[in-house]
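Now that you have both chains on their own, put them together as the hints suggest.
Protein sequences appear in the order of chains A and B. Numbered according to this note's numbering, the first sequence terminates at residue 280, and the numbering increases by one at each position without gaps. Numbered according to this note's numbering, the second sequence terminates at residue 1218, and the numbering increases by one at each position without gaps.
Hint data in this document are derived by calculation from the structure and do not stem from the laboratory. Any given hint might turn out to be false.
Some chain A residues near chain B, calculated using beta-carbon distances under 8 Å [to be verified]:
1) Arg50
2) Ile52
3) Ser53
4) Glu69
5) Glu70
6) Lys73
7) Lys74
8) Phe85
9) Tyr86
10) Val97
11) Lys218
12) Phe245
When the alpha-carbon atoms are kept at most 27 Å apart in a straight line, the in silico DSSO-like pairs for lysine-lysine are as follows [said to hold, decoys possible]:
13) A:Lys89 - B:Lys1068
14) A:Lys19 - B:Lys1211
15) A:Lys109 - A:Lys95
Note that CB positions come from ideal geometry on N, CA and C, so glycine has one too.
Okay, here's what each chain looks like letter by letter:
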Amino acid sequence: MKALEVQNLTKFYPKFTLKGVSFDVEEGHIVGLIGRNGAGKSTTLKGILRLISAEGDVKVFGKDINTEEEAVKKEIGYVGGGFRFYPLKTLSAIKSVYKNFFSEWNEDKYQNYLIKFSLAEDKKVKDLSEGMKVKFAIALALSHGARLLIMDEPTSGLDPISREEFCDIIIELIKSERVSVLFSTHVTGDLMRIADDIVYISDGNVLADMSLKELLSKYKVAHFDSEKQAENFEVIGLKPVKEGFEGLVKADLKDDGYIYEEATIDKIMIHLEAEGRGLC
Amino acid sequence: MLNLINKEFKLCVHPTNFVFLFFAALLLVPNYPYEVVFFFSSLSMFFYCLTSRENNDLQFTCSLPVKKGNIPIARIFTSAVFQVVLIIFCLLTSIIKCSLFPAEMIINQAGISANFALVGNGAIMLGIFNLIFFPRYFKNPDRIGTTFVLSSAVLFIMVIIFIVLRWAMPMYSEVLNGPNAENTLSKVIYLLIGLMLYAVMTYASCKLSVKNFLKVDL
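This is chain B alone, in the form it adopts within the complex (with noise of 0.2 Å):
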C-alpha cells in the first residue's frame, strides 16, 4: 500500500492539488462564500484523476504486483490527505483571522464566518464529495467528466444550502455564526461532528469504489 501510495504522489497527483490547498486564504478574505475553497479542493480532485486517465494510469497500476482492489483505496487515501491538510489549513487560517481581525470584521455578510464551523461544513461537503465522485469514478474510469459534473453540482448545492441556513436557521445564523471565541463549544462540537460524518462517508466511498473497481475492464 505505500508503495502505491508513493506512486500516487510521485506518478499521479496534479500540480492543482498543492495550489488549491493555499486558497484556505480566501478565508482571510471579507464577504466571501467560504464553502467555495471546498468545491476548489474537488476540483483538484478532479484534475487528479483526469491526468490519471491521460497517462493510463490505471492499467499501469494493475500490470504492478498489487492487489486490484488497493488501487482505489490508495488513490482515495492519497486524495484524503490533500483534503484534511486543506481542513487544517482552512481551521488555522480562521484561527489567525478570529485572533487578529476584531469581531464586526469576522461577521460574512455572504454566507457563514470563517470559523471552526464553517470548516465542518467544508468537512461534511468533502465527505459527500468523496461519496459520490470516487465510486462512479472507479465504476467507469474513462466517463470522468460525467462523474465530475455529478458530484460538483452535488457540491454547488450543498455551499447554497448553507448558505441559506446562514440566514434562515438560528442555529447557523447565531450559534454557529461569529468569531470562535463566541459559543466555542458548540462550533467545536459541529467541526467534530462534520469531521466524523466525513471520515465515514470516505470510508464508504472507498468500499464502494473496491466493489466497483474489482468489476472494471480496463
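With the rest of the complex left out, here is chain A (with noise of 0.2 Å):
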C-alpha cells in the first residue's frame, strides 16, 4: 500500500514555480526529498500539509487530503526541522494541548518516549537542544499513532553524533512500529545509511524518483588530470578538483584505466547541478 501518493503539486511563487511535482512513499518505506536550497524541498512538503495552498492531488493511505483533511492529518506526524514553536511553554503544557486533537493518543508510549529520548516534561522548548527539539517532536508524533512521518531538514543543525542517533531513531521505528517517512535534507550522508528511496527536486521538477540503489548504480565517478582526456567520455557536470577534474559517467561504461569510485547522492546532486540537467 501507499503510504502517501502525490500527484501534479503545482506552486506558483512570483520568482519560483512547483511544477507539477508526483511522487509515492511506500508503506515502510524512508524516503529522501534531496535537492540545493531553494529547490522546492520544504515547498512540496508544506503543499502536501496543506501549509500552502497548491494545487495537484495529495493522498494518504488512500485517503484524499481535500476531502478527508482530519483524517488524513491524523496518520502524518508533522516533524519541520525541530520544534519551532511555542518557546516559552513547558513540554507538557504543549503536550496536554496536542494530545487532546489524537482520539488514539497514547500517554503510555508517550512517556516511554520521554524515558527514551531523556526528555524533561517540565522543561521549556526553548531551553532543549536542536536535538532534544527533534526527539520532542518524534515522540508527539509517535505517540498519536502517526503512520506516515514528513519531516523538514529534521537533521540540519545536528552534530555528527544526534544525526546518528536520528538515523538509529528512525531505523527502529520503521521495524518497530512499520511508520513510512518522507524527510527532506541536504545532508544526503544520513540519506546514504538510511533511504530506501530518493526523490531528487531541482528547481521545482522531480528530476529523480527511484530507489537509492538504482540511482546510485545509474553513475559513478570519473577522475581525469585534464579537460582534453575528458572529451573522450560523456562527461556530466565535469569540474575541476583539487588534482584534476572530475565528472560523472554512467555506471555501465566500460573500465579502460580510468580512476573510478562508486558515485554518492552527494556527488550525483553536485555534477547534475553543474550540468543543470536531469538524470541520463
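This is the structure we're talking about:
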C-alpha cells in the first residue's frame, strides 16, 4: 500500500514555481527528498500538509486530503526542522493541548519516549537543544499513532553524533512501528545510511524518483588529469577538483584504466546541478 | 472546534487579554472618554495575534488534524469571548455607577455617560475592529503591525465621532446621554442595535477571514 501519493503538486510564486511534482512513498519505506537550497523541498512538504495553497492531489493511505483533511492529518506526524513552536511553554503544557486532537493518543507510549529520549516534561522548549527538539517532535508524532512521518530538514543543525542517533531512531521506528518516512534534507550522508528511495528535486521539478540503489547504480565518478582527457567520454558536470577534474559517467561505461569510484548522492547532485540537467 | 478553542486559551492568548477586561472599571472615572476602554480591548487582540506569530502558532495548528478553515473561526471566537465579557463588565459597571452615584456625577464632560448606550457604542466599535482586523490579519499573518495600525486608526476615529455626536446631535446629547434610569427604553434599544451590529460584523469577519486564510501560504 502507498503511504503517500503526490500527484501534480503545483505552486506558483513570483520567482519560483513548483512544477507538477509527483511521487509516492511506499508503506514502510524511508524516502529522502533531496535538492539544493531553494529547489522546492520545503514547498513540496508544505504543499502536502496544506500549509500553502498549492494545486494538485495528495493522498495519505488512500485518503484524499482535499476531502478528508482531518483524517489525513491524523495519519501524519510533522517534524518541521525540530520543534520551533511556543519556545516559552513547557513540554507538558504543549502535550496537554496536543493530545486532545488525537483520539488514539497513547500516554504510556509518550511517557516511554520521554524516558527513552531523556526529555524532561517540565522543561521549556527554548531550553532544549536542537537534537532534543527533534526528539520531542518525534515523541509527539509517534504517540498519536502517526503512520507517516513528514520531516523538513530534521537533521540540519545537529552535530554528527546527534544525526547518527536520529538515524538510529528512524531505523528502529521502521522496524518496530512500521511507519513510513518522508524527509527532506541536504545532509545526504544520512540518506546513504537509511533511505530506501530518493526523490530528487531541482528548480521545482522532480529529476529523479527511484530507489537509492537504482540511483547509485546509474553512475560512477570519473577522475581525469585534464579537460582534454575528459573530452573522449560523455562526462556529466565536469568540474575542477584539487587534483585534476571530476565528473559523472554512466555506470555501464567500460573500465578503461581511468580512476573511477562509486557515486554517492552528494556527487550525483553536485555534478548534475553543475551540468544543469536531469538524469540520463 | 472545541480542541482548537482550548488550544487558543492554553497556548495563545496573551495576559493583556485578561488584564484589559478589568479596564471596564474606567467607567467609574468621572469625565473620561469611555469609548477608549474598547480601544484597549483591540490592543489586547493585537498582542494575542502578535504572540501567535512569534510562536509560529498558525504553522503548528495547520499541522494538526483540523480543517484549515476552522483555524480563523477558533481565533475570532476566542477573541469574541473576551469582547463579550468586556461588554458584560461594562454593562455591570454602568449599572453599578448609575445606581450608586448621583445624577450630576453620571454626566460626562468628555463624552457620553457611562450607560447602556455607551456599551452600544462599544459593541459597534468592537464589531468594526473585528471586520477590519481579522480578515486582513488572516490574509497576511506576518504583517500584523500594519493591520493593527489601520484598524486602531479607524477605532480612534470612531472614538472621536462618538464624542462629537454626544455634543452635536440631540439624540446622543439628550436621549442617549445621562443615567440609565432616564430614557431607559431608548438606551436599551440602542444597546441591542449595537450588539446586533457587533454580531453581524463579527460573523462577516469570520467569513472573510476563512476565505483569506485558505489562500495564505505559511
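Verification of the supplied hints:
| no. | hint | in the structure |
| --- | --- | --- |
| 1 | Arg50 | holds, 6 Å |
| 2 | Ile52 | holds, 4 Å |
| 3 | Ser53 | holds, 5 Å |
| 4 | Glu69 | holds, 5 Å |
| 5 | Glu70 | holds, 5 Å |
| 6 | Lys73 | holds, 4 Å |
| 7 | Lys74 | holds, 4 Å |
| 8 | Phe85 | holds, 4 Å |
| 9 | Tyr86 | holds, 5 Å |
| 10 | Val97 | holds, 5 Å |
| 11 | Lys218 | violated, 35 Å |
| 12 | Phe245 | violated, 42 Å |
| 13 | A:Lys89 - B:Lys1068 | holds, 24 Å |
| 14 | A:Lys19 - B:Lys1211 | holds, 25 Å |
| 15 | A:Lys109 - A:Lys95 | holds, 13 Å |
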